[in-house]
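Chains A and B supply the protein sequences, listed in that same order.
Numbering of the first sequence is given in my numbering, commencing with residue 1 and proceeding in unit increments.
Numbering of the second sequence is given in my numbering, commencing with residue 1001 and proceeding in unit increments.
A hint or two may mislead.
As the list claims (entries may be wrong) - Listed below are several chain A residues computed to face chain B (Cβ distance under 8 angstroms; list not exhaustive):
1) SER31
2) ASP49
3) PRO55
4) GLN56
5) ILE102
6) ALA104
7) LEU108
8) PRO116
9) PRO121
10) ASP128
What the hints contain is simulated information worked out from the structure, not anything from laboratory work.
Here a beta-carbon is modelled for each residue, glycine too, at the ideal position from N, C-alpha and C.
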Amino acid sequence: MSLSANDKANVTAIWKKILPKSDDIGDQALSRMLTVYPQTKTYFAHFADLSPGSPQVRKHGDIIMNKIDDCVNHMDDLFPYLSGLSDLHATKLRIDPANFKILAHNLLVVVAAYLPNDFTPEVHLSVDKFLQQVALALAEKYR
Amino acid sequence: MVEWTDFERETIKSIFGKLDYDDVGLAALCRCLVVYPWTQRYFGNFGKLYNADAINANPMVAAHGKVVLNGLDKAVKNLDNIKGTYTELSVLHSEKLRVDPDNFRLLADCLTIVVAARMGADFTAEVQAAFQKFLAVVVSSLCRQYH
């Protein structure tokens, strides 16, 4: 399910609207994941405070969202671009790749809530495919 | 037996009380057919499904979206016995319609996204958790009679 030219155009266009609210969207997506899928909290046992709005969660939402923002500019070379991060996830973080899908779902929910008129079914399809490619690239080095 | 908190009961009833079933039914089913095009396999007799505009304008999709939302309404009104409420529907989807149960999850995700778009900031993380818990119970009940 690789990205067509149309997918890339859709992702680029909606990301222009996502970028100004990127910090909030990232924070929201991560907080929602921790609330709605509590099993994901197992990866953050080292965080003192996992409640919504906590500074550590917000900071981590920023880190993740900034990287996804960068991936929008690297849609043509996602796998090489994410090679180092894939190593990190494979050898150190070892996050079960099923969780990438969970985070992606929550990101889509937040984008829908923030940009209901822009997040049409076609755009949703393109963004879903994009996030799936990011997840694949991240899991590339797992085994 | 599913345990519902007061917050969850009130939240689920409140969400469905405010939804326009015609609008949301069409939006959710349309989104599912567009974002996960393989789901179109179950709607061979629906006619024009060749792009998002065609799907959105298709009266059979709209009618079916309404059927789905009214089906969910039954669960909202029977929160303490969703399993029993859906026994026949589960048999129907398994024996007659032969729907891969994974597709229930896909439609549930699309419905969540449509409700998020309608509710905006009111669709908080806690509200989302309650809504998704409800849909998870619905999906589980629909899968119950598969063998």
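Hint check results:
1. Evaluation of the SER31(A) hint against chain B yields a held restraint, the C-beta minimum of about 6 angstroms falling below 8 angstroms.
2. The interface hint given for ASP49(A) is broken, as the beta carbon of that residue sits about 15 angstroms from the closest beta carbon of chain B, more than 8 angstroms.
3. The beta carbon of PRO55(A) is not positioned within 8 angstroms of any beta carbon in chain B (closest approach about 17 angstroms), and the interface hint is therefore violated.
4. For GLN56(A), the suggested interface contact is broken, since its CB lies about 16 angstroms from the closest CB of chain B, more than 8 angstroms.
5. Residue-level restraint check for ILE102(A) is violated (minimum Cβ-Cβ distance to chain B is 11 angstroms; threshold 8 angstroms).
6. Below 8 angstroms, beta-carbon pairs count as interface contacts, and ALA104(A) has none with chain B, the closest being about 10 angstroms; its hint is therefore violated.
7. Given hint, LEU108(A) at the interface with chain B, holds; its Cβ is 6 angstroms from that chain's nearest Cβ, closer than 8 angstroms.
8. With its C-beta approaching chain B no nearer than about 4 angstroms, PRO116(A) sits inside the 8 angstroms limit, and its interface hint holds.
9. The closest approach between the C-beta of PRO121(A) and any C-beta of chain B is roughly 4 angstroms, which is under the 8 angstroms cut-off, so the hint is satisfied.
10. Against a cut-off of 8 angstroms between C-beta atoms, the interface hint on ASP128(A) holds, since the closest Cβ of chain B lies about 6 angstroms away.
Hints 2, 3, 4, 5 and 6 from the list above are not met by this structure, while the remaining hints are.
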